[in-house]
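J.: First to last, the sequence lines map onto chains A and B. Using our numbering, the letters of the first sequence correspond one by one to residues 1 to 299. Using our numbering, the letters of the second sequence correspond one by one to residues 1 to 368.
Quick caveat, the hints were computed from the structure, so don't treat them as lab data. Glycine included, each C-beta is placed from N, C-alpha and C at the ideal position. Worth double-checking, as some hints may not be accurate.
[As the list claims (entries may be wrong)] Here are some chain A residues pointing at chain B (derived, C-beta under 8 Å):
1. Phe50
2. Asp52
3. Gln70
4. Arg74
5. Gly77
6. Thr79
7. Pro83
8. Asn87
9. Leu255
10. Leu256
11. Ala257
12. Gln294
13. Gln295
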Amino acid sequence: MAELRRRLAGPGIYLSMGAFVTHVQSAIPSVAEGIHQIYHDAQILEEQRFADFHVALERPASHRRWLRPQVIFRFDGYTPFKPLPVNQAFALFEWGLNWCITTHAHQYLIIHAAVIEKEGFAAILPAPPGSGKSTLTAGLVNRGWRLLSDELGLISKAGLIQPVARPVSLKNESIEVIRHFASEACIGRVVKDTLKGTVSHMRAPTESVVRAHEQARPAWVVFPKFDTGTAATLKPMAPAQAFLGLARNAFNYSLLAEDGFRRLATLMDTTTAYSFHYGNLEEAASVFNALAEQQRAYG
Amino acid sequence: MHWQNSSVHTADCAIIRALREPTGLVQASAGEWDVIIRQGRRADLLARLHWTLEQTGVLNTLPEATRAHLESAQVIARKQAGAVKWEVRKICQALVNIGAPLILLKGAAYCMGGLMASQGRIFSDVDIMVPKTCIDQVEAALMLHGWVATQHDAYDQRYYRTWMHEIPPLMHLKRQSVIDVHHAILPETARLKPDPALLLAAAQAIPSEPGLFTLAPADMVLHSASHLFCGEFEHGLRDLSDIDLLLREFDTVAGFWDDLVPRAQRLDLARPLYYALHWAVRLFATPVPSPVLHEIDACARPSTPAKQLMNTLLQRALVPDHVSCHDALSVPARGLLYARAHWLRMPAHLLAYHLAHKALFPPHSAAN
Numbered sequence: 001m002a003e004l005r006r007r008l009a010g011p012g013i014y015l016s017m018g019a020f021v022t023h024v025q026s027a028i029p030s031v032a033e034g035i036h037q038i039y040h041d042a043q044i045l046e047e048q049r050f051a052d053f054h055v056a057l058e059r060p061a062s063h064r065r066w067l068r069p070q071v072i073f074r075f076d077g078y079t080p081f082k083p084l085p086v087n088q089a090f091a092l093f094e095w096g097l098n099w100c101i102t103t104h105a106h107q108y109l110i111i112h113a114a115v116i117e118k119e120g121f122a123a124i125l126p127a128p129p130g131s132g133k134s135t136l137t138a139g140l141v142n143r144g145w146r147l148l149s150d151e152l153g154l155i156s157k158a159g160l161i162q163p164v165a166r167p168v169s170l171k172n173e174s175i176e177v178i179r180h181f182a183s184e185a186c187i188g189r190v191v192k193d194t195l196k197g198t199v200s201h202m203r204a205p206t207e208s209v210v211r212a213h214e215q216a217r218p219a220w221v222v223f224p225k226f227d228t229g230t231a232a233t234l235k236p237m238a239p240a241q242a243f244l245g246l247a248r249n250a251f252n253y254s255l256l257a258e259d260g261f262r263r264l265a266t267l268m269d270t271t272t273a274y275s276f277h278y279g280n281l282e283e284a285a286s287v288f289n290a291l292a293e294q295q296r297a298y299g
Numbered sequence: 001m002h003w004q005n006s007s008v009h010t011a012d013c014a015i016i017r018a019l020r021e022p023t024g025l026v027q028a029s030a031g032e033w034d035v036i037i038r039q040g041r042r043a044d045l046l047a048r049l050h051w052t053l054e055q056t057g058v059l060n061t062l063p064e065a066t067r068a069h070l071e072s073a074q075v076i077a078r079k080q081a082g083a084v085k086w087e088v089r090k091i092c093q094a095l096v097n098i099g100a101p102l103i104l105l106k107g108a109a110y111c112m113g114g115l116m117a118s119q120g121r122i123f124s125d126v127d128i129m130v131p132k133t134c135i136d137q138v139e140a141a142l143m144l145h146g147w148v149a150t151q152h153d154a155y156d157q158r159y160y161r162t163w164m165h166e167i168p169p170l171m172h173l174k175r176q177s178v179i180d181v182h183h184a185i186l187p188e189t190a191r192l193k194p195d196p197a198l199l200l201a202a203a204q205a206i207p208s209e210p211g212l213f214t215l216a217p218a219d220m221v222l223h224s225a226s227h228l229f230c231g232e233f234e235h236g237l238r239d240l241s242d243i244d245l246l247l248r249e250f251d252t253v254a255g256f257w258d259d260l261v262p263r264a265q266r267l268d269l270a271r272p273l274y275y276a277l278h279w280a281v282r283l284f285a286t287p288v289p290s291p292v293l294h295e296i297d298a299c300a301r302p303s304t305p306a307k308q309l310m311n312t313l314l315q316r317a318l319v320p321d322h323v324s325c326h327d328a329l330s331v332p333a334r335g336l337l338y339a340r341a342h343w344l345r346m347p348a349h350l351l352a353y354h355l356a357h358k359a360l361f362p363p364h365s366a367a368n
């Protein structure tokens, strides 16, 4: 930990996360702590190499540094966001990485979605914030599903899902829900009063991190919706409706133009789409396990 | 970290060398690629590098992680090229009844004219030129079709309308696209005075695009040179790369090289052309015939101290504004060139008035 902190404050580290290598520099202790705890199983490389993104989290030199210390996110010297209170430094690192990917990785069709995999079949869970997507993802990856991504579903030219083995972001009540649901889950420091409310991050399961270079074939597109007290119901969805739902949740659908259309059309041809309402994580897990079982049995 | 903070020798800058000698990239190390991608991203030249590598057949030999960044940049450039074509069609429709020729400038001209300089180019806005006598009609027609003024400050409006070579930029209400409507290529107050009538008279119709014109080949080069060497260096390297590609493309146009320097003299743009040709040769090894270089030297070479000072400044302003290219003089060099650009735009008394106004009545965004 001391060594990690020293390197982060100095030449920086190269953090491997599946599709990308990020060069990180920061002298802020909570960043080192977050990387140590939440990126525990990630490959940390010290040798200078090609990095997809060069980022730094710094304390801006302003009069606020004593009264209300802040943190800024730098992308290779460029500052895309306004400063935040310094206790949000690790969250800002995660949000900044999301920005790096969504603005620079147009070799993928990027969908705002979680992606999980079992027995070689991947489920894409696109959803706007507040639909319980991250809670469901955190739950399922603690019940035998492999985490491919919590926020960004990356669809390659070949139509496969490229993993980005990064932490799962948890907000507000879902932090306690996951603590209760999976006591073995490693959840980091809880930060209150951010733009997204109370946030924390859950370490990705070791197996997901180790297999972060293994792409997966999508089999399902499931639009989740959390409703307190609702019994888990999985309803087939018309492909056209699912297509529009995916396009709405894609970051670069219009940028990719015809290619984006083709990738989504292929995805609809090779997957089954559902809408999914749930009020309880255990029930949700058994529905998803049944889905995987059925797929394994019948192909 | 031997490749960071490397020497400021401009021609050795990683992205410039990559664009100039693409076949050399087959042997580039991961560390070298790291710097090339970062510099290229900062200079908006990654998509152009993608195109260059595609042309030379090098693209498929690259490491996958590197190629991904080039492809990603190319996706953006391709989308922007499509958007520019769409905007130009919309402008054409808006101006169909004006009866004046619609001359496209810079990126939009390269794009609609199908020139190499449009390849892998990042666009910010669409620049058009119309005769000054039509400018009110053009502005009114564009406003009827949804473009509105972006400068609401009365002083800024007057600044543009009295002194500049363009009216205040217009932005489309729905698409947020910006048009710069020019009636000349340099401000009316500028020290150099290219006559717009000469440019209009020589404009050429784009064969495949009825109603659309570009400047003549030599004038396109001269406009780009004047924009770069009398103006700002924010996209300096990208603009010089455009000039390199224009010169390579027009190499086959009959009489192009013979007419270039005389045309520059007629348009009062010999000095910008001097810098453009020499820096294109120096950074991109552009094949400029040596008689043309002698000809421009004879009529436009600055005095030795002026040349040395400009070299000192330009070698810092033409590299990407990235940490790997910075040295102790980078910031003052860019500052001095910025001051020089203003000096060239206006006579001293107007400049003093303009700066005093900006200092006394700062724009709202700066005051907050």
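J.: Please write out, lowest number first, the hints stated earlier that are contradicted by the structure.
T.: Hints 3, 4, 6, 7, 8, 12, 13 are the ones this structure does not satisfy, whereas the remaining hints hold.
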